[in-house]
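Please build the complex by placing chain V on the supplied structure of chain D, with the hints as guidance.
Sequence lines, in order, name chains D and V.
Anchor point for the first sequence: position 197 equals 197 in the UniProt record's numbering, and the numbering is continuous, going up by one each time.
Anchor point for the second sequence: position 263 equals 263 in the UniProt record's numbering, and the numbering is continuous, going up by one each time.
Accuracy of the hints is not assured; some may be wrong.
One copy or two, it doesn't matter: identical chains are merged, so the pair holds either way.
Stated by the list, open to error - In silico SDA-like pairs for lysine to any residue, Cα to Cα no more than 20 Å straight-line:
1) K77 <-> Q175
2) K214 <-> G286
3) K214 <-> A15
4) K214 <-> Q276
5) K77 <-> T362
6) K77 <-> D60
7) K214 <-> A102
8) K214 <-> V105
9) K77 <-> P145
10) K214 <-> Q282
11) K77 <-> I138
12) K77 <-> W49
13) K214 <-> P99
14) K214 <-> P427
15) K214 <-> W103
In case anyone wonders, no lab produced these hints; they're calculated from the structure.
Protein chains: 2
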Amino acid sequence: MNAVEQVRPEPEAAAARPRFLRQLQQLVAFASISTEPQHAGAVRACAAWLAQHLRSVGLDGVRVYVTPRHPVVYAEKLVSPAHPTLLIYGHYDVQPVDPAAAWTVPPFGGLVRGDRLYGRGASDDKGQFFTHLKALEILLQAGSPLSLNVKVLLEGEEEIGSPNLGAFIRRHRRQLRADWAVLSDTNMRSAQQPALTYGLRGSLSAELAVQGPKAELHSGIFGGAVLNPLQALSEILAQLHDPAGRIAIPGFYDAVRPAPAAERAYLRRTGPSDAQLLREAQAEQGWGEAGYSLYERTVLRPSLSITGLSGGYQGVGIQAIIPPQASAKLSFRLAPGQDPLVVEQQLRRYLAQLTPPQVQATLTTQLRARPYAVAPQHPAMQAAARAYAVGFGRAPVWQRSGGTISVVTLFEEELGIPTVLMGFGLPADHKHGPDEFLHLPNFWRGIQTSLAFMRELGQMGVGQLAENE
Amino acid sequence: MNAVEQVRPEPEAAAARPRFLRQLQQLVAFASISTEPQHAGAVRACAAWLAQHLRSVGLDGVRVYVTPRHPVVYAEKLVSPAHPTLLIYGHYDVQPVDPAAAWTVPPFGGLVRGDRLYGRGASDDKGQFFTHLKALEILLQAGSPLSLNVKVLLEGEEEIGSPNLGAFIRRHRRQLRADWAVLSDTNMRSAQQPALTYGLRGSLSAELAVQGPKAELHSGIFGGAVLNPLQALSEILAQLHDPAGRIAIPGFYDAVRPAPAAERAYLRRTGPSDAQLLREAQAEQGWGEAGYSLYERTVLRPSLSITGLSGGYQGVGIQAIIPPQASAKLSFRLAPGQDPLVVEQQLRRYLAQLTPPQVQATLTTQLRARPYAVAPQHPAMQAAARAYAVGFGRAPVWQRSGGTISVVTLFEEELGIPTVLMGFGLPADHKHGPDEFLHLPNFWRGIQTSLAFMRELGQMGVGQLAENE
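Next comes chain D alone, as it looks inside the complex (with noise of 0.2 Å):
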């Protein structure tokens, strides 16, 4: 892949620093757990939030729109239908603090310490879609015309599977249409070492639940002649993976495209090796699909992963119950060529064989999201490419992410664009798990790429937009 030269940071509004950092620190703050029902209020508030501050650095039509669940903001600098549009999605919605015991700063508190700003959020994804609005404000302020269209769309409901998104955004196609959007949300190699992600694991998220029962029944008088549900759901689950870790619905793997040698070469040669991935997973042990590096089996290959799991007495002791019902969250990552709707297709057919008579079993999906690829010789990657050589000094690795980004294969079926994951994350910021943190050079540095992405394809003519137009 292009090999990119360094080049020398350009001196950035240093002055303006400490002004930045507190108004991450103030969006931050905002409890905006989009999966809670008790915290609708606070996504409310942050939307209102982002709203004024996208007048304040300078942008037009600010808006917020409401949807059945949590609203979108909607802000845009056009200069002129001459030149190319940029798309800037982010997320200001964030994952639950759950185990919050496990925290041990406050999560919603935005403290600084050294070179981290901790906070629910502060890398998934609010520090890392902010670095573009303060570019934009560097830009507009600078006084320099843009030769660039600029539109910015943030959701308050990734983290819940963008439920409203998709008709948000087939209800504003023109409104939205863009050549390029632009998404950091996805993790950098190191501090040290940008990495440009060319390709998402699908998802297919969905709740299983087993009813018995009735009502709770005494294990003592009622145990061994009545199915216990949580039993049921345990021997369930247990036969979704075979004894060699690959999962046993059939056809799962069918439709699976497998990754061409040269590829797998250069993930090889490049992505994180088993040694690395384990410490940044603070495992002693991998796990997994034989044939494949454990990079692979979470970039190449699909995953299922339990993400909860309840049932029963949940308090210390012992209480002696057959309990009515059972339940697991199950979590798929899809592999190319994978189909979300399929996917849930074969499995209900294999749930429907698994379940034994005496219970009953019903699965409600939660989230489809389809795998996406955009090519590292797409034009915007390579301009990605050169400005995270501006910004951080060092060229960029290409890779795959093992997450999934269901609004890329949203702008890709409705808006007909390519996304470029221009990920400002580190593998070890705990994005999802207690004591989350923002790696602030990566914030200042990300500022600088954005400023110089927003230059590069500002100097693209809209004939050199995509590579095969």
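Relative to chain D, chain V alone:
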């Protein structure tokens, strides 16, 4: 087994009924949940109330003994060393109310509606042991001299496996010396059909924790490369039963003593049919070990119930994590011949074999109790049968129960005495479940039965106490 003549119940102290009911409502109002540390104060208050009540009934030597956890309440009425001695045991602690939302009445309101007194512990065990206190009150206040010594032992830790009762009994062996114990914490067949329980299953309760990665991991970034402890736990649990519903722990059934053909024939003839048992369980289909009726599976055969399962994200919606740990609560019920210590060793060996190298499994034992049986031919059991005929106008059937009452084996081992399991509960009274209730006619008839039982015992010379003495 012995036929007992039908006897007309003697006229009861009808005038005392409203007072007895009010007292029982007060007793049920204590939220004496022994397993939940936040209820320790309610357990203590209940013990103090009982001590005061025993004094008012006319008993001597009333004392509340502090233990490392919940108090023991003791009282006695010693008439003469020439008379035999009955030890009355009850437990004033209760199960948790989880799931609290499933209750349609206040769990500690003592609500009376029709024939039912509702409340956690109304049947298990407050309403049942209270029959003996009220029978004692009638006897003592009638002024007729008792020809029986009586000792009363009320425990506050039965629902957590009586962790301190063994030490208490050993320390007070002389004080507790008796010829028989009586314990009312089992079921009748129905409100019309009393039953005497001559066998109980043993118990082994333990918590299995599976530890995986040190902290929560993003299921997109690491899914497929790190073993998920929820998956590992499910796979371990699934291997505790074989596909035919038998417990798969090697050697588990080796010590189980098969029931004699005559006993199986009696239980088949007098015990609940599969259809009755399913009606009581509100279940449509049975489950379990082939070759045994549902009733036999619950009383002659061992069982394993998963009573609680927990791990990962427990909230609404989705959280994309691989959680660091998962746990399951296991409740074994042991059949005649089995030893909980041996089963525990077999389980530990099997778990060591089942646990994949990427996770650590820890088993914490919470309760061990041996199976128990006393022959229906025992004179005290025959006396109890005659007493039921007085109280309920009908001879009891002999039955085994699938439950566990660990104090019974303590009385056998430490005091060398048998226990008469004189139950007044009903199969459908929701012990351990929401809306637990006491069937009040059983309370009134239970008092009559206890009265008749104490008179029967008083008429027995010390030489006739036990069949084989």
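Evaluate K77 and T362 at a C-alpha cut-off of 20 Å and name the case that applies: within, between, both or neither. neither (48 Å within a copy, 59 Å between copies)
Taking 20 Å as the upper bound on the Cα-Cα distance, should K214 and W103 be classified as within, between, both, or neither? between (38 Å within a copy, 13 Å between copies)
Homo-oligomer pair classification [I138, K77; C-alpha up to 20 Å]: Within one copy only: 14 Å inside, 91 Å across.
Is the C-alpha distance from K214 to Q276 at most 20 Å within one copy, between copies, in both cases, or in neither? between (49 Å within a copy, 16 Å between copies)
When Cα atoms must be at most 20 Å apart, do K214 and V105 count as within-copy, between-copy, both, or neither? The answer is between: 18 Å across copies meets 20 Å, while 43 Å in one copy does not.
Using 20 Å as the alpha-carbon threshold, which applies to K77 and Q175: within, between, both, or neither? Within. Shortest intra-copy distance 12 Å satisfies the 20 Å Cα cut-off; inter-copy 90 Å does not.
Taking 20 Å as the upper bound on the Cα-Cα distance, should K214 and G286 be classified as within, between, both, or neither? Between copies only: 14 Å across chains, 41 Å inside a chain, cut-off 20 Å.
If the cutoff is 20 Å on CA atoms, where do K77 and W49 land: within, between, both or neither? Let me know, please. Within one copy, since 19 Å is at most 20 Å while 76 Å is not.
Between K214 and Q282, at a C-alpha cutoff of 20 Å, which is it: within one copy, between copies, both, or neither? For K214 and Q282, only the inter-copy Cα distance (6 Å) is at most 20 Å; the intra-copy one is 42 Å.
For K214 vs A15, is the C-alpha pair at or below 20 Å within one copy, between two copies, both, or neither? Result: close neither inside a copy nor across copies, 66 Å intra and 40 Å inter.
My question is about K214 and A102: at a cut-off of 20 Å on alpha-carbon distance, are they close within one copy, between copies, both, or neither? between (36 Å within a copy, 11 Å between copies)
Please work out whether the CA atoms of K214 and P427 approach to 20 Å or closer within one copy, between two copies, in both situations, or in neither? The answer is between: 15 Å across copies meets 20 Å, while 45 Å in one copy does not.
Figure legend: structure checked against the earlier numbered hints; hints not met, in rising order: 3, 5.
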